[in-house]
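Quick note, the sequence shown lines up with residues 3 to 67 if you use my numbering.
Think of the hints as simulated: they come from the structure by calculation, not from any bench. Not one of these hints is a red herring.
Here are the simulated lysine-lysine pairs, DSS-like style, with alpha carbons at most 27 Å apart: (1) 13 <-> 27; (2) 13 <-> 30; (3) 12 <-> 27; (4) 12 <-> 30; (5) 60 <-> 30.
These numbers were taken from a predicted model, which means no experiment stands behind them.
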Amino acid sequence: AIEPMINLGKKEVYTASDGWTVRTKDGKPSVHFEHDVCVRKEKADILSDYKEIEAAEKANTNLFA
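Take the sequences, apply the hints, and build the full model.
The following block contains the structure:
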């Protein structure tokens with residue numbers, strides 16, 4: 003799995019006291035997502051499917067205004 007974290011601010015993060023939650027040090031919004039790939043001898047299979055997300059983005063006229 004490829005799991006990037008995209009931050010609106012700086013890249014510095016910390017793990018909260020619960021040992022699981024990761025937050026940006028500057029408190030700016032961020033997003034985490036996964037892209038799953040199965041690598042085999044013959045080829046790599048992409049397991050992630052973002053069709054529903056892509057459809058919602060296209061339907062939201064305010065998103066990229």
